[in-house]
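Engineer: Got chain A; can you put chain B on it based on the hints?
Chains as they are written, first to last, in this note's numbering: chain A, 1 to 148; chain B, 1 to 506.
Think about it this way: if two alpha-carbon atoms lie no more than 30 angstroms apart in a straight line, the pair counts; the simulated DSBU-like pairs of lysine-lysine are:
(1) A:K115 <-> A:K71
(2) A:K4 <-> A:K71
(3) B:K254 <-> B:K106
(4) B:K389 <-> B:K106
(5) B:K106 <-> B:K294
(6) A:K75 <-> A:K4
(7) A:K68 <-> B:K229
(8) A:K115 <-> B:K229
(9) A:K75 <-> B:K229
(10) A:K117 <-> B:K389
(11) B:K254 <-> B:K294
(12) B:K229 <-> B:K389
(13) B:K106 <-> B:K229
(14) A:K115 <-> B:K389
(15) A:K68 <-> A:K4
(16) B:K229 <-> A:K4
(17) A:K2 <-> A:K71
(18) B:K254 <-> B:K291
(19) A:K2 <-> B:K229
(20) A:K75 <-> A:K117
(21) A:K68 <-> A:K2
(22) A:K115 <-> A:K75
(23) A:K71 <-> B:K229
(24) B:K106 <-> B:K291
(25) B:K229 <-> A:K117
What follows is a set of in silico ranges between Cβ atoms, one per label pair, in the way DEER data are often shown:
(26) A:Q27 <-> B:E141: 42 to 50 angstroms
(27) A:P143 <-> B:V134: 50 to 58 angstroms
(28) B:T473 <-> A:G32: 18 to 26 angstroms
(29) B:T25 <-> A:I128: 18 to 26 angstroms
(30) A:S35 <-> B:R358: 35 to 43 angstroms
Hint data in this document are derived by calculation from the structure and do not stem from the laboratory.
All values derive from a computational prediction rather than experimental measurement.
No residue lacks a Cβ here, since even glycine has one placed at the ideal position from N, Cα and C.
What follows is each chain in one-letter form.
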Amino acid sequence: MKIKSQEDFWAGAMFVGFGLLAIFMAQDYPFGSTSRMGPGYFPTWLGIIMACLGAALCLQGLRTEGAKLGKWAFKPMVLLSLGFVIFGWAIDHLGFVIATAALIILGAGAGTEFKWKEVIIMTIVLIIGSWALFIYGLELPYPLFWWR
Amino acid sequence: MDVIASLFSNLALGFETAVSFQNLTYCFIGVFVGTLVGVLPGIGPLAAIAMLLPATFNLPPVGALIMLAGIYYGTQYGGSTTSILVNLPGESASVVTCIDGYQMAKNGRAGPALAIAAVGSFFAGTVGTILIAVAGPPLAEMALKFGAPEYFSLMCMGLIASAVLASGSMLKAISMIFLGLLFGIVGTDVNSGMSRFTFGMSGLADGLSFVVVAMGLFGFSEILSNLEKGQDKASRELLTNKIEHLYPTLHDIKICMGPIMRGTAIGAFFGTLPGAGPTISAFSSYALEKKMAKRPEEFGTGAIQGVAGPESANNAAAQCAFIPTLTLGIPGSGTMALMLGALTIQGIAPGPQVMTQRPELFWGLIASMWIGNAMLVILNLPLIGLWVKLLQVPYRMLFPAILVFMGIGVYSVNNLDLDIYMTVFFGLMGYIFNKVRCEPAPLILAFVLGPLMEENLRRALLISRGDPTVFFTRPISAAFLIATILLLIVMIMPNIRKKRDQAYQE
Numbered sequence: 001m002k003i004k005s006q007e008d009f010w011a012g013a014m015f016v017g018f019g020l021l022a023i024f025m026a027q028d029y030p031f032g033s034t035s036r037m038g039p040g041y042f043p044t045w046l047g048i049i050m051a052c053l054g055a056a057l058c059l060q061g062l063r064t065e066g067a068k069l070g071k072w073a074f075k076p077m078v079l080l081s082l083g084f085v086i087f088g089w090a091i092d093h094l095g096f097v098i099a100t101a102a103l104i105i106l107g108a109g110a111g112t113e114f115k116w117k118e119v120i121i122m123t124i125v126l127i128i129g130s131w132a133l134f135i136y137g138l139e140l141p142y143p144l145f146w147w148r
Numbered sequence: 001m002d003v004i005a006s007l008f009s010n011l012a013l014g015f016e017t018a019v020s021f022q023n024l025t026y027c028f029i030g031v032f033v034g035t036l037v038g039v040l041p042g043i044g045p046l047a048a049i050a051m052l053l054p055a056t057f058n059l060p061p062v063g064a065l066i067m068l069a070g071i072y073y074g075t076q077y078g079g080s081t082t083s084i085l086v087n088l089p090g091e092s093a094s095v096v097t098c099i100d101g102y103q104m105a106k107n108g109r110a111g112p113a114l115a116i117a118a119v120g121s122f123f124a125g126t127v128g129t130i131l132i133a134v135a136g137p138p139l140a141e142m143a144l145k146f147g148a149p150e151y152f153s154l155m156c157m158g159l160i161a162s163a164v165l166a167s168g169s170m171l172k173a174i175s176m177i178f179l180g181l182l183f184g185i186v187g188t189d190v191n192s193g194m195s196r197f198t199f200g201m202s203g204l205a206d207g208l209s210f211v212v213v214a215m216g217l218f219g220f221s222e223i224l225s226n227l228e229k230g231q232d233k234a235s236r237e238l239l240t241n242k243i244e245h246l247y248p249t250l251h252d253i254k255i256c257m258g259p260i261m262r263g264t265a266i267g268a269f270f271g272t273l274p275g276a277g278p279t280i281s282a283f284s285s286y287a288l289e290k291k292m293a294k295r296p297e298e299f300g301t302g303a304i305q306g307v308a309g310p311e312s313a314n315n316a317a318a319q320c321a322f323i324p325t326l327t328l329g330i331p332g333s334g335t336m337a338l339m340l341g342a343l344t345i346q347g348i349a350p351g352p353q354v355m356t357q358r359p360e361l362f363w364g365l366i367a368s369m370w371i372g373n374a375m376l377v378i379l380n381l382p383l384i385g386l387w388v389k390l391l392q393v394p395y396r397m398l399f400p401a402i403l404v405f406m407g408i409g410v411y412s413v414n415n416l417d418l419d420i421y422m423t424v425f426f427g428l429m430g431y432i433f434n435k436v437r438c439e440p441a442p443l444i445l446a447f448v449l450g451p452l453m454e455e456n457l458r459r460a461l462l463i464s465r466g467d468p469t470v471f472f473t474r475p476i477s478a479a480f481l482i483a484t485i486l487l488l489i490v491m492i493m494p495n496i497r498k499k500r501d502q503a504y505q506e
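Isolated chain A, as found in the complex:
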């Protein structure tokens, strides 16, 4: 069988996946009864309905003509995620300055153009600006560097 509308089919597959995962995980929580709902009751039903809706979407994707998925922006996906993860880890371990610099440089690397000079100036300006606003101005308690 051929997938006619990739958009609809994969959206449906995603909902079926989430639905099944919810049903599966909710098995660990007591179900209860309709008059005394346990913690498993609501999520199980949500999962069942969502899986059915997703299946309907999949069928629709097999039957009716529709759009293909476009190209994925892999480079920005990887670089932005990496930038954020490093930021989240480093802000407590290496300090605000390095965390922010990593986020800006990795983020800028995800763009279409990357000029070292521009990025370095931007990094310095942004670090000083956000320090002034958040740490000096709003008194957020983050260490600037790894020593405190």
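Structural biologist: Leaving out everything else, chain B in the frame of chain A:
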């Protein structure tokens, strides 16, 4: 008479609260920063508020809410400015403004377009403010009588409305609602104390944070989509040299009176309905004005009515969205959910009791809404030059700054690195949603309502001893459910559906 007298004394209390120097300053900062962020491409009101939320943590509750409301209007208005000047809608509600607004700018009439948008928004904002003041107290009184079944049915109606009125496939929108409800109940179940869907992470015990989900779905993923398109090369033709005459002619004002009033009425209706909102109001108003116009062929080539109507409508809706939020404690949109979140952070339980327990907060907010709208007019017309300058900053220099704000914004809520990682997760999810064309707006609304819905469903069925007919035997609850079913039936009927798609295409 009594009603009017109490209305005036209430409004007086409100203005007394809002007009303090401190609160005026918060209002000003909110409107200014909101417009600034709204002008930037790719940040809608939701991401803007989420980003700026931490800045209000240290303020007193009234000040924080006033500032957030200012940010909200500011971003709305900023979106209109970019629609007119560069054909780039900052958010979905101003897509319609692009059609005729940008054409007007091309014809050298950017000034009148911006001015009429401001005037229309101000008029709509004023009417909206009065409407909240009048309708608020009786609605809150009614809401106090609501039991669990009523709340559950009302939330059903809001969620279905948000799916029906969203653009694109309804099946996808409804699936997104269920996914949102599931994300909403992640964390500790209040009744059994059991951790659900936390994957063993202690940081998720309190549930997913709203800021994280909103920032991921609307901020992070938006940047990814923009980078994919290579937005620096996108059509950002600035029409700067052509802003000369700022003021509309007498003729302009005359033909815009009708559209502004009709737009306001449409916006007030959709805004009050939970789940609907500015976008559908703007689209409906445009369609209506095109039908009412003497020369409909002018629409699309720079008809000023095509700016005045939708702009008034989206602002009226933005304003009236506060009605269900403040009186029932049920947010009608993601943005309103953030406002409720801000209330909770300030230690105030949202709901009908806010009006009686904290009158200065409620009425102060209402008064400041009007002041905020007035400030927008005063602020924006002279500052247009500044916003235009801001638009000339290339995107490659803009988005790293947005990233930093997002990062610090998310981290500062709980000082938890897990929040940052979850933002990445939701950002990638949002990008996938975008790819398979699933709109995230219904999801975020459902995310907020998830725990409330489960709780009210549980309670309703506990009281009725498991009998589900309780939702239909109580009159108010039945009315909500019948409205929900009608909404669904109406949308499934093929010819109406076609009309809706047409309206979105126009």
